[in-house]
Amino acid sequence: MSTVAELMTTPVFTVPVDATLDVALTLMEEHSIRHLVVMDNDSYFGVLTDRAVLEATGWLPERIREVYQAPCKAHATVRSVSKQGAMSIKGDQDAVSALTIEAVIGGTGCLPVLEDGKVIGILTEIDLLRNFTLHHDRDLQGNPPLSACMTPQVTAIKTTTTLKEALDLCSEKRVRHLPVLGNAGLVGMVSDRDLLRAIGKGRRPDIAVKSIMTRELRTIDDHMRISDAAAELLQGPIGALAVTHGCEVVGMVSTLDILDHLIGSL
1 MSTVAELMTT PVFTVPVDAT LDVALTLMEE HSIRHLVVMD NDSYFGVLTD
51 RAVLEATGWL PERIREVYQA PCKAHATVRS VSKQGAMSIK GDQDAVSALT
101 IEAVIGGTGC LPVLEDGKVI GILTEIDLLR NFTLHHDRDL QGNPPLSACM
151 TPQVTAIKTT TTLKEALDLC SEKRVRHLPV LGNAGLVGMV SDRDLLRAIG
201 KGRRPDIAVK SIMTRELRTI DDHMRISDAA AELLQGPIGA LAVTHGCEVV
251 GMVSTLDILD HLIGSL
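Under my numbering, think of the first position of the sequence shown as 1, with each following residue one higher.
Some hints could be false.
DEER-style ranges, computed between Cβ atoms [stated by the list, open to error]:
{"#": "1", "residue 1": "P144", "residue 2": "S97", "range": "20 to 26 angstroms"}
{"#": "2", "residue 1": "I207", "residue 2": "G117", "range": "45 to 51 angstroms"}
{"#": "3", "residue 1": "I64", "residue 2": "T160", "range": "36 to 42 angstroms"}
{"#": "4", "residue 1": "I207", "residue 2": "R176", "range": "19 to 25 angstroms"}
{"#": "5", "residue 1": "V67", "residue 2": "D260", "range": "41 to 47 angstroms"}
{"#": "6", "residue 1": "R79", "residue 2": "V187", "range": "36 to 42 angstroms"}
{"#": "7", "residue 1": "P71", "residue 2": "D206", "range": "21 to 27 angstroms"}
{"#": "8", "residue 1": "L234", "residue 2": "S211", "range": "50 to 56 angstroms"}
{"#": "9", "residue 1": "G182", "residue 2": "N41", "range": "25 to 31 angstroms"}
{"#": "10", "residue 1": "I263", "residue 2": "R63", "range": "42 to 48 angstroms"}
{"#": "11", "residue 1": "H245", "residue 2": "G106", "range": "48 to 54 angstroms"}
{"#": "12", "residue 1": "H135", "residue 2": "S32", "range": "22 to 28 angstroms"}
{"#": "13", "residue 1": "R204", "residue 2": "D260", "range": "40 to 46 angstroms"}
Note that these hints are calculated values from the structure, not bench results. The C-beta atom is built at its ideal place from N, Cα and C for all residues, glycine as well.
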């Protein structure tokens, strides 16, 4: 059994509940992290995700947001956008149980690790993915081809799809990444983070995704194993790969797909 304490990320970065979003944004940028544990004095309050910060700020400082946002939004604090009471876990618990993995991917993408009321670490999707690449079974059952876990029915959009339409589709289909199709086939990728950043910056929701999509695509052949995709995803900073068969896109594989496969194999 791998315990939470063995896999968790340390040190853990915290932010006061009444800090400005500029403070949170700076911490995330300086340390290249996606989650902050929110503290109310010395007590655990909740979790702040980069998605929440993106949606609220567009990753812009307050002095710029004051120009186009209402004062109540431009001067919002961590308290207003964090997830209060987000689930936590103890260091001696099993890190790779189905319940633990489901709690990570079904919530904020992480579990703060508490001992005697103190935050000692944080267990993230990346921690679980890294552990899979190190300890996956070598046989086909534990590490099958990508077809076993990829999403074959790709939810794709056009270059003319609007930001709002794309973000609504992410929510409706419960996906984080959307391939973008043009006349020549696959021409780009857009993530929910891209969309939240653009809208948070004040971009009009009715502009086309072609203006913000990522054009440098990372793909993986469908004959590769799940562990190969996991290793590629760990290179960052993306959370999904387009799966190809020859020149054709036949699916998508994401961090969540791999962790879902791990749950099913336990």
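We went through each hint and held it up to the structure:
| no. | hint | verdict |
| --- | --- | --- |
| 1 | P144 <-> S97: 20 to 26 angstroms | holds, 21 angstroms |
| 2 | I207 <-> G117: 45 to 51 angstroms | holds, 47 angstroms |
| 3 | I64 <-> T160: 36 to 42 angstroms | violated, 29 angstroms |
| 4 | I207 <-> R176: 19 to 25 angstroms | holds, 20 angstroms |
| 5 | V67 <-> D260: 41 to 47 angstroms | holds, 42 angstroms |
| 6 | R79 <-> V187: 36 to 42 angstroms | holds, 41 angstroms |
| 7 | P71 <-> D206: 21 to 27 angstroms | holds, 25 angstroms |
| 8 | L234 <-> S211: 50 to 56 angstroms | violated, 29 angstroms |
| 9 | G182 <-> N41: 25 to 31 angstroms | violated, 53 angstroms |
| 10 | I263 <-> R63: 42 to 48 angstroms | holds, 44 angstroms |
| 11 | H245 <-> G106: 48 to 54 angstroms | violated, 31 angstroms |
| 12 | H135 <-> S32: 22 to 28 angstroms | holds, 25 angstroms |
| 13 | R204 <-> D260: 40 to 46 angstroms | violated, 35 angstroms |
Taken one by one, the earlier hints fail for this structure at numbers 3, 8, 9, 11, 13, listed in ascending order.
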